[in-house]
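Protein sequences, first through last, are from chains P and W.
Residue 152 in our numbering is what sits at position 152 of the first sequence, and the numbering runs on without skipping anything.
Every number in our numbering is 1000 more than the matching position in the second sequence, counting from 1.
Please note: incorrect hints may appear among the correct ones.
As the list claims (entries may be wrong) - Mimicking DSS-like on lysine-lysine, the simulated pairs with C-alpha atoms at most 30 Å apart in a straight line are: (1) P:K225 - W:K1065; (2) W:K1095 - P:K233; (3) W:K1095 - P:K242; (4) W:K1022 - P:K68; (5) W:K1222 - P:K231; (6) W:K1210 - W:K1095; (7) P:K232 - W:K1210; (8) W:K1230 - P:K47; (9) P:K68 - W:K1093; (10) W:K1095 - P:K225; (11) W:K1222 - P:K222; (12) W:K1228 - P:K222; (13) P:K185 - P:K90; (14) P:K231 - W:K1210; (15) W:K1065 - P:K231; (16) W:K1239 - P:K25; (17) W:K1095 - P:K136; (18) P:K233 - W:K1228; (19) W:K1180 - P:K47; (20) W:K1230 - W:K1180.
In short, the hints are calculated from the structure, not lab data.
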Amino acid sequence: MNMAKSKSPKLRKVKKSSFAFPLNKFPQQFPYELGKELIYLLATRGKPILEGGDWEHIFANCIGAQWKPSNVGLDDVVMGNTAWGAKTVKATNPSSQDKIRLISGRNSPTFSFGKKIDAGAHALAIGNNVLDIYNKRVADAQKKFKNLRTVVLIKSKDLLEVKVFEFKTVNYKKNLFKWAWNKRKNLEGFEKKTGEHRFTWQPHGSQFTIIEDVPPKCLVIKIKKPNTLDKKKALSDLGVDKSWITVIQKNG
Amino acid sequence: MDKKSPKLRTVHKSPPAYELNKFPKELPFIIGKEIVYLLATKGKANLIGSEWEEIFAKSIGANWKDSSNGLDDVRLGNTAWGAKTVKAKNPSKQKDVRLISGRNSIVYSFGAKIDTTVDPNLPGEQVLSIWNDRVTSIRERFDHLRTIVLIKSNDLSEVVVFEFETIRYDPELFYWEWNKDNNLVGFSKRSKEHMFTWQPHGSQFTILEKVPNNSTVIEIRKPEFLDKEKTLRALGFDKSWITVTTRK
C-alpha cells in the first residue's frame, strides 16, 4: 500500500509520517462524502455558491485531513507528509472540460524584485521573474512537506456536476518556456518544445494563471438537487430565539 | 462638522431608503439570526463578502445583485450599497477600519508606468481619479450611494454594523508619499491624517474609515452545529442521489 516505501530511506527512531493516498486514487468513500457535502451545502445555503475556502474545508473533511488556510495557498490542507492547495474552477460542462486555468497567486516583480512594470519591457526577463516568485513559494512549501499537490474541483454553475483531480505541485524550469506580450498587454508563457500556452500574467493586479491539462481519467460526481432547508425550522430546532441576539447602540 | 461649511437649505426631493445609520428596527435581529444559521450550518466561523451582501440585503428587504465594481451590490429604490467586511479582535472597540476598495490599476487605466522614484502625487491623483470615476458612474444611476460595513470578530460572536456615504475624493485635498514598503500613502492636507493606501503590486486601493460613534453592536450566542447526517436524512437523502463515474 505504501507507494513511497521503495524510495524512502530507513530512519532510526523516527515515526514515519503517513502517505496520503496515491495521486488521483481517492479513498473509496471520497466521492460519496464529497457528494454529501455538496448536497448539504445546497440545502443549507439555498444557492450554488462554493468558494475557494469552502472547497479547502470540504476536501479536508472528505479525506479526514486538517484544514489550515495559508497565505500562500499551496498548503491549505494537510495530512501527514502531504499538503494540498485547493482550487475551484467553473465550467459549463465539467465532465468534458479538458483544460483549465488556475489562478495561482499574485506574483509581483515590482514587489519581489523592485522592478518597474512596463508592458514594453523584456518579456522573457519579466516572465522569468514571475516564475522565480512562484518557484520560491513552491520551494518554501516543499521545505515543510514531502508531497505537495493541488486538488482541483471543476464545478458546474448549479453545482450538480463536479469533476475532481489532483496533480503534483511542481516548480517550473525557466529555460523550458518562452514569453510574449499579447495584444491585451498581458504576458503569456509558452512551452518551448510544444508551443503550448502554459501561463498568463497580468501586470495590472499581478495575477498569475497556470493552464493545466485535465488528466484523462477523472472522477466525475453528479448529485441530485436537494430542497432548501427550512431556515426558520432549523433555527427553532436549535432553540434560537431573539434572546440569542443582543443589540447595543453605541452612543457617543 | 466643518465649522467653515456654509449652511444649506436641505432639499429632500428624493429621500433615501432610510436615514444614514438609522437602520430599520428589525435589522440587527435579522443579521444576528442569519449569522447564527451560518454558524450552525457551516461548522466554521466564516462569513465572506458575498454572504454579507446577501444578509444585509435581506435585513433591509432589498435586492442583491453581485456587481463587478463592488460599489452597488445591494439596491433598494434610489439607494445603492457596496458591502464590506473587516475582521477585528474586538469589533466594538475598533476606532477605524481599512476597507479594501478595489484594484485601481494606473497601468491598466492610464497606461502609466509604475516608478516609485517619481513624484508620488502623480500616481496618487490617478488612483483617486479611477475611484472617483467608479463612484460617478454609479451616482448617475442612484441618488444615494453608501458603503455598509460589517466588523466581525474571529468567532463571529460580536459584529459591528455601520454605513457611510460613498463619495468622490477631490485630489486637491490630499498629498501622497511613498512609504518604506514602496506603497503609496495618501494624507489629508488639512488634518495630515492617513486616508488611503495604494499598493503598486496588486494595485489594491485601501480607504481608511472612522467607525462612527452611533454604530450598531450585535452580540450573538454561539449555536450548536446542525447535525449534518440528520439534516440530510430529513431531506430524504440517500446514496442514490450521488452518481460517480470515472471519465476515460
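Results for each hint:
no.: 1; hint: P:K225 - W:K1065; result: 23 Å, holds
no.: 2; hint: W:K1095 - P:K233; result: 38 Å, violated
no.: 3; hint: W:K1095 - P:K242; result: 28 Å, holds
no.: 4; hint: W:K1022 - P:K68; result: 39 Å, violated
no.: 5; hint: W:K1222 - P:K231; result: 16 Å, holds
no.: 6; hint: W:K1210 - W:K1095; result: 6 Å, holds
no.: 7; hint: P:K232 - W:K1210; result: 36 Å, violated
no.: 8; hint: W:K1230 - P:K47; result: 20 Å, holds
no.: 9; hint: P:K68 - W:K1093; result: 28 Å, holds
no.: 10; hint: W:K1095 - P:K225; result: 45 Å, violated
no.: 11; hint: W:K1222 - P:K222; result: 34 Å, violated
no.: 12; hint: W:K1228 - P:K222; result: 20 Å, holds
no.: 13; hint: P:K185 - P:K90; result: 25 Å, holds
no.: 14; hint: P:K231 - W:K1210; result: 35 Å, violated
no.: 15; hint: W:K1065 - P:K231; result: 22 Å, holds
no.: 16; hint: W:K1239 - P:K25; result: 21 Å, holds
no.: 17; hint: W:K1095 - P:K136; result: 38 Å, violated
no.: 18; hint: P:K233 - W:K1228; result: 15 Å, holds
no.: 19; hint: W:K1180 - P:K47; result: 44 Å, violated
no.: 20; hint: W:K1230 - W:K1180; result: 55 Å, violated
When held up to the earlier numbered hints, the structure conflicts with 2, 4, 7, 10, 11, 14, 17, 19 and 20 and fits the remainder.
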